[in-house]
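Enquirer: Now for the letters of each chain:
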Amino acid sequence: MIGGLFIYNHKGEVLISRVYRDDIGRNAVDAFRVNVIHARQQVRSPVTNIARTSFFHVKRSNIWLAAVTKQNVNAAMVFEFLYKMCDVMTAYFGKISEENIKNNFVLIYELLDEILDFGYPQNSETGALKTFITQQGIKSQLQTKEEQSQITSQVTGQIGWRREGIKYRRNELFLDVLESVNLLMSPQGQVLSAHVSGRVVMKSYLSGMPECKFGMNDKIVIEKQGKGTADETGKSGKQSIAIDDCTFHQCVRLSKFDSERSISFIPPDGEFELMRYRTTKDIILPFRVIPLVREVGRTKLEVKVVIKSNFKPSLLAQKIEVRIPTPLNTSGVQVICMKGKAKYKASENAIVWKIKRMAGMKESQISAEIELLPTNDKKKWARPPISMNFEVPFAPSGLKVRYLKVFEPKLNYSDHDVIKWVSLQLHSEMSAWPLDAD
Amino acid sequence: MPYLGGEETLRELRRALSNPHVQADPARYRGAVLRVIRLMAQGADVSGLFPEMVKAGAVPDVVQKKLVSFYVRAQAPLQPQLALLAVNSLRKDCAHPSPAVRGLALRTMCGLRMPGIQEYLQQPLVSGLRDKASYVRRAAVLGCAKMVKMQGDCEVDGALVNELYSLLRDQDPIVVVNCLRALEEILKKEGGVVINKPIAHHLLNRMPDLDQWGQSEVLTFLLRYKPRSEDELFDILNLLDSYLKSSSPSVVMAATKLFLVLAREYPDVQADVLVRVKGPLLSACTSESRELCFTALCHVRQILRSLPGHFSSHYKKFFCSYSEPHYIKCQKMEVLCELVNDENVQQVLEELKGYCTDVSVELAQGAIFAIANIARTYTEQCVGILTELLGLQQEHITSAVVRAFRDLAWLCPQCTDAVCQALPGCEDTIQDSEGKQALVWLLGTHGEKIPNAPYVLEDFVENVRSESFPAVKMELLTALLRLFLARPAECQDTLGRLLYFCIESLVSEGDKDVLEVHPDAPVSEEKELLEAHPDAGSLSLIPDVSLSAEQFERSWLSLDTSCQLCLPWAGPVHADTIQTALRVVHIHTIAMSRAGAQPWKAYLSAQDDSGCLFLTELLLQAADSELQVTVKQSEAKPEALQSFISALRTVLEAVAGLES
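Keeping their order, the protein sequence lines are chains A and B.
Each residue of the first sequence is one higher than the one before, counting from 161 in the working numbering.
Each residue of the second sequence is one higher than the one before, counting from 8 in the working numbering.
The hints are simulated quantities; they were obtained by calculation from the structure and are not laboratory data.
Note that the coordinates shown come from a computational prediction; the quantities given were computed from them, not determined experimentally.
Listed next, with one range per pair, are the computed distances between beta-carbon atoms:
#1 B:Tyr172 to A:Val174: 37 to 43 Å
#2 B:Val163 to A:Arg330: 53 to 59 Å
#3 A:Val174 to B:Leu314: 40 to 46 Å
In silico BS3-like cross-links for lysine-lysine, where the CA-CA straight-line distance does not exceed 25 Å:
#4 B:Lys285 to A:Lys416
#5 A:Lys230 to B:Lys264
#6 B:Lys323 to A:Lys379
Note that the Cβ used here is the ideal one computed from N, Cα and C, for glycine as well.
Based on the sequences and whatever the hints tell you, model everything.
Expert: Written as structure tokens, this is what we have:
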């Protein structure tokens with residue numbers, strides 16, 4: 161099992177070191193620093209073996225988290241544990257940064273003590289941990305009798321991710337569908353491959369032990385229901401989507417999903433990721449990006465990018481941001497765009513073009529003249545992909561939220577009393593450079 | 008250890024900790040304790056505050072207890088006597104009404120690494136195992152493992168083991184998993200925890216309650232269980248079926264392993280399992296968590312090894328995206344190589360070709376080697392792409408392509424012609440050792456098909472003085488010798504100059520490895536070399552003849568001279584050079600006069616594959632400018648004799664030409 165856990169900053173200085181087992185010596189800390197953090201070449205693998213000791217590392221911004229073991233362990237499990245650890249730390253003090261870690265080191269040791277015992281993962285749900293980890297300086301000294309009994313019920317209870325006795329004045333439920341489209345285009349503008357990976361993120365502020373049900377236009381469900389009412393199949397047949405695969409938060413009752421395809425769960429308190437899914441079929445691409453690049457001599461480059469919105473004219477896309485990468489030896493850029501604002505950001509090596517709003521079936525273009533410094537470097541410019549960020553009122557995968565219901569048997573609030581917020585956000589990354597300049 | 012605290016700070020902290028006013032105000036008391044911990048984390052020596060800190064641990068505040076617990080655990084090994092103080096108050100805490108305090112006290116006590124702690128531990132642990140709060144039981148169960156580990160070689164307490172086995176039936180899932188872990192550690196010498204039928208079935212029934220860590224660990228423990236009957240086996244597999252689709256990749260992977268091991272005797276079931284984990288594995292491969300993605304890719308490669316082509320229809324999932332880290336791209340390329348088939352080869356090659364021009368040198372070369380890998384089956388297309396890449400005239404690309412060509416010429420002789428046509432012009436671009444070696448090797452081995460090979464090698468020889476890699480020089484020597492045997496007229500002069508350089512450097516710089524390593528070149532290559540020699544005809548000499556000096560003398564005296572000839576010779580003899588040169592064609596030196604001796608004599612022997620011996624005497628009289636060669640043959644084979652003599656003559660002439 162995990163023999164020790166180290167956290168380093170970008171220089172390789174140890175911020176946190178917690179050793180659970182005697183077989184991990186002091187020199188393990190240095191071995192990882194010398195062999196991985198200070199190594200000349202790029203990181204070759206997230207798992208490194210040094211002197212019969214395995215180091216599993218994860219990097220968050222410029223912080224390295226490394227789990228060390230001498231045993232043969234399930235690598236996927238160690239990584240999942242490290243992710244969990246990051247999630248827990250983020251839930252406690254926000255972003256994982258050197259400063260935050262230094263300021264909260266006592267808390268982190270406390271967390272490490274609860275999450276791992278003798279190197280074995282124990283309870284790691286943020287919600288449950290909050291009952292027996294008291295953040296420094298916030299909670300006062302004495303634990304009341306009530307709190308103590310809470311721990312007992314918490315720790316013995318069947319639902320590890322939610323504590324009992326949560327009360328809110330306003331019962332609110334937020335649901336965000338975040339999708340990102342990955343697209344590969346040929347120089348001719350054909351779509352080579354596309355997939356959507358989506359996440360359904362919820363924030364729940366509900367009292368008691370509510371039972372939630374979430375429904376979407378999954379193909380299998382729609383077809384199942386369609387058997388009864390033939391009319392509906394005709395209407396909704398097109399609107400259902402085929403999900404390639406999906407994974408759920410542990411609170412979702414998988415048995416119910418398998419038998420009835422219904423997603424029912426008792427949500428943890430606060431923010432969590434309800435599900436992840438991936439689709440590859442029938443993806444609606446909200447935009448088409450057509451880039452044209454012409455090299456005029458050795459020191460000049462002409463770039464023209466056309467974006468076409470590809471949805472109903474009645475809909476509006478918002479906060480569109482197109483990022484066009486430029487070569488490293490760019491000395492100056494002149495941009496002309498018909499719509500929105502465009503700026504060359506030298507520090508990011510990109511032209512950033514922002515459009516506030518754009519209706520469907522419209523077209524807009526930007527042209528730029530890029531001046532290059534002559535270089536001897538024979539290496540070609542790597543042509544990173546153009547990326548786009550935007551918000552549209554529909555999901556490219558076609559996913560729709562059909563219903564979101566809340567039942568609480570003990571406390572008397574019904575589905576109607578809950579304020580629900582459902583939103584769709586979309587980030588799309590498109591790799592759209594043609595392979596050759598001409 | 009840097010001394011940051013200073014006497015003053017310590018004294019002040021001690022005063023604060025023992026001040027009744029501070030002790031009365033919980034917030035201030037905790038603040039003081041926190042300062043001590045901070046100092047300790049910075050590396051200051053705070054051992055002097057031990058009594059005060061132990062006292063600070065006796066307050067009702069759980070947070071403060073935790074802080075003190077860190078302190079005590081870190082300091083106990085340094086001062087075992089004082090640590091006993093802590094043990095007393097910790098034992099009191101073990102009977103505290105709050106389960107959190109009891110659990111913490113148990114954990115702290117088990118974490119004190121000091122001798123003799125066991126006798127104090129026994130009783131609290133046993134009562135901890137029977138505690139009504141599961142939090143305490145969890146800590147107690149793992150505490151047993153810690154205690155046994157501390158005891159070292161002592162006999163394991165049977166009652167304790169039984170207690171733990173019965174706790175496997177505990178209602179708290181984490182206690183169950185902790186019991187398994189603890190038993191595994193305690194019974195390590197006896198092969199770990201025993202998974203018999205009741206335990207296995209109990210664990211299977213508890214699986215749904217466990218968290219993901221517990222599930223994947225229990226699945227690993229179940230590997231040990233051997234079902235009694237076929238029915239039982241399939242019942243187990245049915246029960247575990249849903250875990251193949253679990254949301255946690257670690258559980259999926261552990262379940263897959265268990266299925267593959269349990270269904271050892273049912274290949275159909277195994278194949279079916281691999282088909283069914285395809286989905287979860289693919290989604291892990293495209294997930295955003297890079298490290299998991301890497302792990303999944305490693306699994307995919309393992310599966311491909313036993314089921315080649317398993318993921319072929321999903322090849323697009325393994326195309327690299329721009330922002331992925333290096334290690335994932337490398338894994339994906341490896342996977343792509345393995346799932347190529349007739350249908351997707353075109354697309355895969357297109358994709359790989361795109362990576363060849365990547366900015367990262369390592370990645371670009373990786374992509375080229377991936378294409379070379381595919382070339383073993385789809386030779387023509389790949390050689391085409393590789394040849395195209397040479398046109399870019401990038402140093403690292405050309406080097407990698409030439410290296411790929413060298414391996415291809417070995418593995419797929421049918422592509423040699425195409426490779427040879429692509430080679431001219433590469434020599435200007437390549438700068439690194441590996442690439443140069445490969446190029447020189449190709450020029451030497453397939454020189455007869457490359458018109459300008461001798462002249463390219465000549466350039467290399469001309470610049471040999473400024474060549475910084477010894478390996479390249481070595482390769483050059485071998486290659487030139489080979490090419491010399493194929494195209495003697497064009498190479499003789501160059502070879503002479505090279506050998507001259509070698510000897511010179513041997514004498515002047517003591518740079519011996521050039522010549523010394525050379526005779527150790529692989530035997531098979533030399534055999535080839537002789538076979539490639541047009542004059543060698545039907546003769547092939549075997550590489551090692553074990554002929555002692557006495558045997559040689561006896562044979563020499565009993566045989567008649569078969570042939571005698573004279574070769575022009577001038578100047579002194581370099582015995583080493585001759586010996587080395589002869590060894591290349593498998594002629595062995597039996598005895599030789601010292602260099603400079605007059606007259607100079609040498610006796611050589613060789614044997615062909617039919618067992619016919621060739622014995623040779625070389626004689627150099629002082630006054631003569633001729634080397635007299637006498638050859639005797641054990642069987643009368645005029646044809647073989649002719650071949651042998653011509654081989655011998657070639658070598659000697661080469662050496663003579665060099666020394667003049």
